[in-house]
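J.: What follows is each chain in one-letter form.
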Amino acid sequence: MKGAELVLQVLQQHGVETIFGYPGGAIMPIYDALYQSTVKHYLCRHEQGGAFSAIGFARASGKVGVCMATSGPGATNLITSLADAMLDSVPVVAITGQVPQAVMGSDAFQEIDVLGLSLAVTKHSFMVRSVEELEATLNQAFAIAKSGRPGPVLVDIPKDVQLAEIDYQPLASHTQKAVSVPTSLANAAKARALIAAAKKPMAYIGGGVHMAGAMPQLQQFLADNPMPSVTTLKAMGSVAKDNTHYMGMLGMHGTQAANLAVQQCDLLICLGARFDDRVTGNLQKFAPHAKVIHVDIDPAEINKVRFADAALLGDMKQILPAISASTNCDEWLAHCATLKQQHGWRYDHPGERIYAPLMLKQLSERMPDNSVVCCDVGQHQMWVAQHMRFSSPRNHLSSGGLGTMGFGLPAAIGAKLARPQDTVITVSGDGSFMMNVQELATIKRFRLPVKIVIVDNQRLGMVKQWQQLFFNERYSETDLSDNPDFVALAAAFAIPGHCITRKDEVEGALEAMFTWPGPYLLHVCIDDKDNVWPLVPPGAANEDMMTEAKA
Amino acid sequence: MNHVLNITANNTPAVVERLLQVTRYRGYELAGLQLAPRADSRSLNITLTVSGDKPIHLLTSQLHKLYDIQQLELVSAELAVLSA
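First to last, the sequence lines map onto chains H and X. Letter by letter, the first sequence follows residues 1 to 551 in the numbering used here. Letter by letter, the second sequence follows residues 1 to 84 in the numbering used here.
Hints in this document: simulated from the structure, not taken from any laboratory. Hints are not guaranteed to be accurate.
[Unchecked claim] Taking lysine-lysine pairs in the DSS-like style, the calculated list, with each CA pair at most 25 Å apart, reads:
{"#": "1", "chain 1": "X", "residue 1": "Lys54", "chain 2": "H", "residue 2": "Lys285"}
{"#": "2", "chain 1": "H", "residue 1": "Lys503", "chain 2": "H", "residue 2": "Lys529"}
{"#": "3", "chain 1": "H", "residue 1": "Lys291", "chain 2": "X", "residue 2": "Lys54"}
{"#": "4", "chain 1": "H", "residue 1": "Lys63", "chain 2": "X", "residue 2": "Lys65"}
{"#": "5", "chain 1": "H", "residue 1": "Lys304", "chain 2": "X", "residue 2": "Lys65"}
{"#": "6", "chain 1": "H", "residue 1": "Lys361", "chain 2": "H", "residue 2": "Lys529"}
{"#": "7", "chain 1": "X", "residue 1": "Lys54", "chain 2": "X", "residue 2": "Lys65"}
Using the sequences plus the hints, can you model the full thing?
T.: Okay, structure coming up:
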């Protein structure tokens, strides 16, 4: 068989049934092999969108997402999405066609040094030099993408390798052995002692917990060691909804209760998180009284930005039971409960106009159980994190580390294909939505019943908010009041939609959206003056949050 | 302050670029580089000298993650401090 056919054989051996991509000259042999393959290919309308769909697929399912592109511009269009997967530790395998080796290095048509471009945005990348190494390379790519701290892997395959013949016999059973994660419990006793001695312990939970498959161990740990907990953006939904000590998201737009409690705690138990600057605010003033226990799978995260008094590396599933110690902090729990009560969200917004936090709370309450919400980036993204509740981090897909506008719509396509039985909702902003709007064509082609909610303030809202607060109200290039008619735009892709402007229209509009069997676009107009609160201003400590009243 | 790293790496086309890219991105300057293939030509012996004000473990921990790096040994004076 040809190398191109081998690629599809190996993908199938890895259980890949769904791939996202866009054809072109240097990857034509693989698309030719695809023509008669049972692997289902979903044509995106821009390679960035295809790779985001692979990310959405991976994040919603826990499997490896796969995307393909041709050489040159096809490959460069993948770069942003690979960077997104890199910073959010998403297992993705990207396959790119490359010009034939005979002309490589000659600035051939659609030739670009993809291996060179990949260095900063992948966990690893390969250039396949012969058809004989193709199978082993693809196997390695899958192994690397999902092992340890997951991440994107790129495999660049020259056209002559795709066309080369190879005598290939698929192995009868090619089930991948589960690789055990090297785990050191050497510091477990130290961690237990720190927990037992703490008067004000706090669990700081990141995306690493659910990615390790340690959600049950986390609930058990929090039940055996009652303590307040906070989550990062990527870990929303990690703590069971009935856990009364959960305080919400921490950081720049976290809840006041979460930020105040973290600032006051005397022990911070960081589980699969990395002290990102959007979490810590002013690092020198972050949790200043706290000793730190840091549990992670990536040794490079230990002591990277915050010293760990006890560090445990490896498999979260093994480590959490091993550091369980009895906590005794009733006063602290009561104090944190009071903080939560004092700083609860308020939805009593005056006037007729729609208040996005309230609308999203209504959406959260109305959406079916186990719905997946895919966000874009900006004010609406923070409102989703603040005002919607999730039962699993796999139900809240948000571009965290890279903060990539244009993520939501294609990610929702991937999520819907990964979990066709679950409702999938994109919550986007009028700015972000336009960044991968072409993927409406993918929704149309495959009749994907994705629900699209556009929160429209006719502004590039988060940038506008910062201009208002920190740049003397000089609104440079953030006015989007000439947006297209989003309902008409959806109609051009045979997607029905509806536009609402008043609070009293929200319930009926949500009902109509969920009742409609296919894709649907709900255009929600809000006041451009509404901002995201609270906000930790740049350089400030997390207890110095700005609120609407203070601003 | 200069740090000297003795590295054994897979002899793959991009391995040196990977080392240098991580070194630059993490905020260290290249102060010296020597490399030679080992007898079997499948591995490289690399001596990488870098300078930087940040603790060197912030670089070595990232270099360790490179898939093509087999071994990495810090041979500067800070070694004793790090392993303590």
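J.: The structure should be examined with respect to each hint, and the outcome stated for every one.
T.: Hints, one by one, checked against the model:
Among the hinted pairs, Lys54 of chain X with Lys285 of chain H is consistent with the structure: their alpha-carbon atoms are about 20 Å apart, no more than 25 Å. The straight-line distance between the Cα atoms of Lys503 of chain H and Lys529 of chain H is roughly 16 Å, inside the 25 Å bound, and the hint therefore holds. A threshold of 25 Å between alpha carbons decides the hint, and for Lys291 of chain H with Lys54 of chain X the separation of about 23 Å falls inside it, so the pair holds. Taken as a hint, the Lys63 of chain H and Lys65 of chain X pair is honoured in the structure, with Cα atoms around 22 Å apart against an allowance of 25 Å.
As the CA atoms of Lys304 of chain H and Lys65 of chain X are separated by approximately 14 Å, the hinted pair is consistent with the 25 Å bound. Of the supplied pair hints, the one linking Lys361 of chain H and Lys529 of chain H holds, its CA atoms being roughly 19 Å apart against a limit of 25 Å. Using a Cα cut-off of 25 Å, the hinted pair Lys54 of chain X and Lys65 of chain X holds, with the two alpha carbons roughly 19 Å apart.
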